[in-house]
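What follows is each chain in one-letter form.
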Amino acid sequence: MTVLGIILSAILTDNFVLSKFMGCCPFLGVSQKISSSIGMGAAVIFVMTCSTAITYPVYMYLLVPNGLEYLQTLAFILIIALFVQLAEMFVRKCFPPLHRTLGIYLPLITTNCAVLGVTILNVDLFAASESFLTGYLHALLYAACAGVGFTLALILFAGVRSRMEDADIPAFFKGTPATLIAASIVSLSFMAFSGMS
Amino acid sequence: MMRKTKSVSLWQEFSKGILRENPNLVGLLGICPVLAITQEARNALGMGIATTFVLICSNAVISMLRKVIPQTVKLSAYIVIIAGFVTLTQFLLHGYAPELYSALGTFLSLITVNCIILGRAEVFAGKNGVFRSVLDGAGMGIGFTLSLLLVSSFREIIGSGTWFGIPLTGEYKVALLRSAPGGFFALGCIIALVSALLRKKPPEGIGCNGCPNADTCAASKGGCSR
Chain B
1 MTVLGIILSA ILTDNFVLSK FMGCCPFLGV SQKISSSIGM GAAVIFVMTC STAITYPVYM
61 YLLVPNGLEY LQTLAFILII ALFVQLAEMF VRKCFPPLHR TLGIYLPLIT TNCAVLGVTI
121 LNVDLFAASE SFLTGYLHAL LYAACAGVGF TLALILFAGV RSRMEDADIP AFFKGTPATL
181 IAASIVSLSF MAFSGMS
Chain Z
1 MMRKTKSVSL WQEFSKGILR ENPNLVGLLG ICPVLAITQE ARNALGMGIA TTFVLICSNA
61 VISMLRKVIP QTVKLSAYIV IIAGFVTLTQ FLLHGYAPEL YSALGTFLSL ITVNCIILGR
121 AEVFAGKNGV FRSVLDGAGM GIGFTLSLLL VSSFREIIGS GTWFGIPLTG EYKVALLRSA
181 PGGFFALGCI IALVSALLRK KPPEGIGCNG CPNADTCAAS KGGCSR
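These protein sequences, in sequence, are chains B and Z.
Every letter in the first sequence is one number past the one before it in my numbering, and letter 184, counting from 1, is 184.
Every letter in the second sequence is one number past the one before it in my numbering, and letter 127, counting from 1, is 127.
Hint data in this document are derived by calculation from the structure and do not stem from the laboratory.
Hints are not guaranteed to be accurate.
[Claimed, not checked] Straight-line distance between alpha carbons at most 27 Å, and here's what the computed DSS-like set of lysine-lysine pairs gives:
id	chain 1	residue 1	chain 2	residue 2
1	B	Lys174	Z	Lys74
2	B	Lys33	Z	Lys74
3	Z	Lys16	B	Lys174
4	Z	Lys127	B	Lys174
5	Z	Lys201	Z	Lys16
6	Z	Lys127	B	Lys93
7	Z	Lys127	Z	Lys173
8	Z	Lys16	Z	Lys127
Assemble the whole structure, with the sequences as input and the hints as a guide.
Spelled out as structure tokens, the structure:
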């Protein structure tokens with residue numbers, strides 16, 4: 001995959017939320033306000049990139065040489081959980097203002113399937129690269145762009161939802177059903193990008 | 001001795017997850033797999049059974065260990081137990097159902113972070129006995145499987161004109177339902193339908209109530225559901 005290909009597919013054509021359905025809970029849950037969706041998105045970009053930075057070398061240098069690939073899920077989720085807790089403590093201690101805006105979203109991210117998903121996908125996609133370094137850099141780029149794609153979808157959807165508040169919706173569609181159908185229309189608009197690939 | 005304080009019967013413990021407190025359609029937890037692997041009813045059924053298996057096993061083990069696990073590392077301990085059973089499931093499926101294994105792909109590993117399982121561990125198995133926890137897990141798992149089947153049947157019959165691979169409507173099909181937007185659309189319609197049948201208001205926001213992080217996460221007090 002070329003660098004441009006990675007960027008375009010992670011952000012637009014294979015958008016994590018809208019075409020892979022990973023991280024739907026925060027997508028539907030934290031998209032009420034544009035400000036909170038920006039905070040959530042930034043936290044997701046950060047955690048996705050950093051956990052890939054740790055899990056990819058762990059997989060290549062610890063699991064593969066020892067024939068332990070099957071422990072992938074267990075190892076990755078432990079690393080993510082530990083990393084998120086450490087990051088939360090670090091940010092709270094060293095950057096209190098940042099913690100007030102971004103830190104509150106961090107605990108939510110441990111169980112965000114987009115983060116575990118991106119680490120696993122990265123191993124699937126790039127483990128066969130010719131050298132470790134190319135694979136590693138591509139994986140980091142893919143993780144960051146997947147986070148950007150998530151944020152883009154979140155912000156766009158927050159905009160759509162704020163316009164939906166005053167809409168007159170039949171009683172049984174009020175609340176979640178209407179939100180899901182709006183998400184379907186946003187996802188439809190992202191389908192248009194699939195022609196690029 | 002009669003236990004008056006706990007008036008919930010074993011049957012209620014089991015049956016609440018199936019419709020009344022259905023984790024997806026009423027509780028709105030773990031909806032990623034419901035959107036992602038429901039193009040075909042067969043895969044959805046496989047996913048449902050795999051998740052139910054993990055849910056029952058992890059509920060049982062967590063409930064056995066509930067007095068041993070320290071409060072501070074509760075979440076990490078639960079995740080490790082769940083991930084262990086997910087790895088076991090991966091082995092079983094890889095060995096006995098390789099087609100299903102490749103069809104489910106990444107989403108098999110992602111059972112680990114399914115909020116239903118972690119939610120039940122936190123809300124139920126960490127506080128109740130083994131037998132009740134197993135019943136609770138079985139009920140919730142069956143409820144999850146049923147909603148997967150419901151959404152996937154809707155999508156497969158209308159989107160591909162087949163059901164479990166059996167041809168039904170021939171050429172008359174709406175291919176959009178097979179694609180990603182169709183997933184959101186189908187789930188939205190089915191939640192509306194279930195709320196109409198249960199005669200109660202559809203859930204307002206995405207479920208923070210069962211989320212294991214609800215206490216620590218400020219989003220649950222502002223951003224998440226309100």
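These are the hints, each one checked on the structure:
1. B/Lys174 to Z/Lys74: At roughly 36 Å apart (the allowed maximum being 27 Å), Z/Lys74 and B/Lys174 break the hint.
2. B/Lys33 to Z/Lys74: It is violated: about 31 Å lies between the C-alpha atoms, which goes past 27 Å.
3. Z/Lys16 to B/Lys174: holds, 24 Å
4. Z/Lys127 to B/Lys174: At roughly 34 Å apart (the allowed maximum being 27 Å), B/Lys174 and Z/Lys127 break the hint.
5. Z/Lys201 to Z/Lys16: Holds - the C-alpha atoms of Z/Lys16 and Z/Lys201 are around 18 Å apart, at most 27 Å.
6. Z/Lys127 to B/Lys93: The hint is violated at about 33 Å.
7. Z/Lys127 to Z/Lys173: violated, 48 Å
8. Z/Lys16 to Z/Lys127: Measuring from Cα to Cα gives roughly 17 Å; hence the hint holds.
Hint check: violations occur at hints 1, 2, 4, 6 and 7; the rest are consistent with the structure.
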